[in-house]
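Student: Residue numbers (the UniProt record's numbering), protein chains in the order written: chain R, 1 to 270; chain C, 1 to 234; chain H, 1 to 240.
Some hints could be false.
Straight-line C-alpha distance at most 27 Å; calculated DSS-like pairs for lysine-lysine [what the hints assert, rightly or not]:
#1 R:K3 with H:K117
#2 R:K3 with H:K90
#3 R:K3 with H:K129
#4 R:K3 with H:K112
Which chain C residues face chain R? A few, computed with CB under 7 Å, are given here [to be verified]:
#5 V32
#6 T35
#7 L39
#8 L97
#9 S101
#10 G179
#11 G199
#12 N200
#13 L201
None of these hints come from the bench; they were simulated from the model. Ideal Cβ placement from N, Cα and C applies to all residues, glycine included.
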Amino acid sequence: MHKLGLALATLSLMGWSMSAVAQDDERFITLASTTSTEQSGLFDAILPQFTEATDIEVRVVAVGTGQAFEIARRGDADSLLVHDTAGEERFVAEGYATERANVMYNDFVVIGPGDDPAGIGDAETVEDAFSRIAEAAAPFASRGDDSGTNRAERRLWEAAGVEPGGEWYRELGSGMGPTLNTAAGMDAYVMADRATWVAFDNRQNLEILFEGDEALFNQYGSLLLSEERHPHLEHDLAQQWHEWLLSEDGQQAIADFELKGQQLFFPNAK
Amino acid sequence: MTASDNAFSTALALILGLDDTLLGIVSLSLQVSLTAVLLAALVALPLGAALALWRFPGRSAIIVVLNAFMGLPPVVAGLTVYLLLSRAGPLGQFGLLFTPSAMVVAQVLLILPIIAALTRQQVEELHGEYREQLQSLGVSRLRRIPTLLWDARFGLLTVILAGFGRASAEVGAVMIVGGNIDGVTRVMTTAIVLETSKGNLPLALGLGLVLLALVTLINAGAYLVGETARRRLG
Amino acid sequence: MNDMSHQVPTVATLHFEGASVVHRGQVLLRPLTLSLSDERCTLVMGPNGAGKSLLLRLAHGLLTPSAGRVHWQGGAPRQAMVFQRPVLLKRSALDNLTYALAVNGTPWQSRKNLARKALEHFGLAHLEKRPARVLSGGEQQRLALARAWLLDPEVLFLDEPTAALDPASIRAVEEAVRDFHRRGTRIVMTTHDLHQARRLADDVVLLHEGSLVEHSAAATFFTTPSSPTARAFIEGELVW
Chain R
1 MHKLGLALAT LSLMGWSMSA VAQDDERFIT LASTTSTEQS GLFDAILPQF
51 TEATDIEVRV VAVGTGQAFE IARRGDADSL LVHDTAGEER FVAEGYATER
101 ANVMYNDFVV IGPGDDPAGI GDAETVEDAF SRIAEAAAPF ASRGDDSGTN
151 RAERRLWEAA GVEPGGEWYR ELGSGMGPTL NTAAGMDAYV MADRATWVAF
201 DNRQNLEILF EGDEALFNQY GSLLLSEERH PHLEHDLAQQ WHEWLLSEDG
251 QQAIADFELK GQQLFFPNAK
Chain C
1 MTASDNAFST ALALILGLDD TLLGIVSLSL QVSLTAVLLA ALVALPLGAA
51 LALWRFPGRS AIIVVLNAFM GLPPVVAGLT VYLLLSRAGP LGQFGLLFTP
101 SAMVVAQVLL ILPIIAALTR QQVEELHGEY REQLQSLGVS RLRRIPTLLW
151 DARFGLLTVI LAGFGRASAE VGAVMIVGGN IDGVTRVMTT AIVLETSKGN
201 LPLALGLGLV LLALVTLINA GAYLVGETAR RRLG
Chain H
1 MNDMSHQVPT VATLHFEGAS VVHRGQVLLR PLTLSLSDER CTLVMGPNGA
51 GKSLLLRLAH GLLTPSAGRV HWQGGAPRQA MVFQRPVLLK RSALDNLTYA
101 LAVNGTPWQS RKNLARKALE HFGLAHLEKR PARVLSGGEQ QRLALARAWL
151 LDPEVLFLDE PTAALDPASI RAVEEAVRDF HRRGTRIVMT THDLHQARRL
201 ADDVVLLHEG SLVEHSAAAT FFTTPSSPTA RAFIEGELVW
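Excised from the complex, chain R in its bound form:
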């Protein structure tokens, strides 16, 4: 008798397990986006409002901007929200997206150990700050993963006229969070977006040492993907998402999002 019970229990366990792979027929889009938007909690705050308004679920795959482009290029995401304006414009020019729009911005900050060995605290510009780090050969943790932040950082080194390399310049090939963890562990300088930094808990000696330069401006854009390239995508739903982000409701939702008492993203759709 207990053999039968065991068999029944096994069968129901198997059934329960298999149920996870059953396709659901909810209306949803897959959004490829960046780790900063996901990890700061922005999506947790605004997605429920969008879903309530439209009955569309948004499934976020949070990766580096480079990988997000790749996912969209292969047709594996319905929509794209990233922060690399130059790359986004190229994406449109290549025909993968039909439209790009500013959604919001925040800024990058330069973070380092509290005692600031390179003395960037009183630098005039971010280029100046970067030059001082290079001169002092102070450890600098770079994401090195072709993300939006990484691309912005490389542009700043170029502007500072420094070819970063050598023992002090450490390319980690990781996301923003792991890079911050590593920087905290080795008292290195690091550039991060403000949203991830504010949401980050394992700071140890790290603090913001330089901020406020216009060059540190970090623009997020939403892209409408090409129907021609990937006809199978949920273009109608993605369009609704795109339009909601730019709408008054969407912009207000972004402005309302706060973490630890700080507004992290500033809506700027035209």
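Position chains C and H against the provided structure of chain R, taking the given hints into account.
Tutor: What follows is chains C and H alone, placed relative to chain R:
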């Protein structure tokens, strides 16, 4: 403050709190890994037994490949499945990428070689003992497969648990093919990675402890069942 | 068993024609020529390493000879074999028997009934649900005999079936062998126990160091053996 101080209390709070999100993550982890183990075992057990019973040209090559694939890096498995299931890939039209199904496929790829290779070893050993008797009874080779699998069942339970352990502990593959989507493809391990990258180390370690507790529980249960049966059946 | 000469259908004759076994360059059984015919109980004897088990395995078809051949004149009969250490499946006593019936194609409806009858016949009925592997050595050997019984063999091979058993179990096994014989099953059995051979044998095959020494009727073998080796063996002078 160190992370480990808080991890235990965090883990305890997580378990006792029976948080809905956590429950969702835990049950998805179990569902995905159990399904993967089930599918992998359905193929790998007979495959391993067949490899133990038949001698044919290329057999050694298959065994070497299986053994090598036991060490397949999860990221490579994940990337392979990603390229297969991507819309631009050969199986793209099914739209499986970033779903639990994709994670199951990746985990099957990871554990099938383990179960098959270890099954071959165990069945070959048992067959050494049974060969003359089975031959005397006139049991065909095809028929020997279920016979030996059944008689090796306690050893194979451990093999399957090893597969389950690898499936539930791995992160590289499910991260790539699942996308760590909140509420859809977020499992224990990808949640741990996420919390680590947020710098929330106590929560990350707490989740790790929950995972460990879960795997321990399953192993203890299986061990208990196996030992009782082994003692009863000799 | 010498009294078992009543009429029964004759069994095919087994011929060894220069059959030898060589393993990794070592000659384990020298070319053997021997015929086993008639309704008999043949005891294969000899010290350890004489090649008794090899002869049995060749006869049963578990081994193919390295040279020469082994064949049944008139087609191979139904056979079964009982090993020195019984190989039982990790299942209940009953399931071990129904498994053998399933393999030989007995319809499933009648398997349990037949198996239970066999268990009863060998005094194992009360152990039906016990896992075969936890039975005592004697019980295991009786279960192996019950399994062979179910297959209703025309020829039964037994490889030192009592070597590891206590006297009571030995008696039970010998009684079972007589049962088989009474049913008309031809017996080919190895032993190195002279007393057992005297009790059971119709004819005796004596092997020594991989060679056939003598094959003669039991009465002749035990009273007037023709070779000095056989004499030495009977007088217990051969070192085992």
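Student: Is the shortest C-beta separation between S101 of chain C and chain R less than 7 Å?
Tutor: holds (4 Å)
Student: Is the shortest C-beta separation between N200 of chain C and chain R less than 7 Å?
Tutor: With Cβ-Cβ at 5 Å, under 7 Å, it holds.
Student: Given V32 of chain C as an interface hint, is the shortest Cβ-Cβ distance to chain R below 7 Å?
Tutor: For V32 of chain C, the interface hint holds, since the closest Cβ of chain R sits about 6 Å away, which is under 7 Å.
Student: Report holds or violated for the interface hint on L201 of chain C, using the least CB-CB distance to chain R and a cut-off of 7 Å.
Tutor: holds (5 Å)
Student: Check whether the Cα positions of K3 of chain R and K117 of chain H lie no farther apart than 27 Å.
Tutor: With a Cα-Cα distance of about 26 Å, the restraint between K3 of chain R and K117 of chain H holds, given a limit of 27 Å.
Student: Take the C-alpha atoms of K3 of chain R and K90 of chain H, compute the straight-line distance between them, and say whether it is at most 27 Å.
Tutor: holds (17 Å)
Student: Please check whether G199 of chain C passes as an interface residue: C-beta within 7 Å of a C-beta belonging to chain R.
Tutor: At about 3 Å, which falls below the 7 Å cut-off, the nearest Cβ of chain R leaves the hint on G199 of chain C intact, so it holds.
Student: Going straight from one Cα to the other, do K3 of chain R and K112 of chain H come out at no more than 27 Å?
Tutor: holds (19 Å)
Student: Measure nothing beyond the straight line between the CA atoms of K3 of chain R and K129 of chain H; if it is 27 Å or shorter, mark the hint as holding.
Tutor: holds (14 Å)
Student: Using Cβ atoms only, decide whether L97 of chain C comes closer than 7 Å to chain R, and label the hint accordingly.
Tutor: holds (5 Å)
Student: Should the interface hint for G179 of chain C be scored as holding, given a Cβ-Cβ cut-off of 7 Å against chain R?
Tutor: The hint holds - G179 of chain C has a Cβ within 7 Å of chain R, the shortest such distance being about 4 Å.
Student: Return the status of the interface hint for L39 of chain C: holds when the least beta-carbon distance to chain R is below 7 Å, violated otherwise.
Tutor: violated (9 Å)
In this structure, the one hint that does not hold is number 7.
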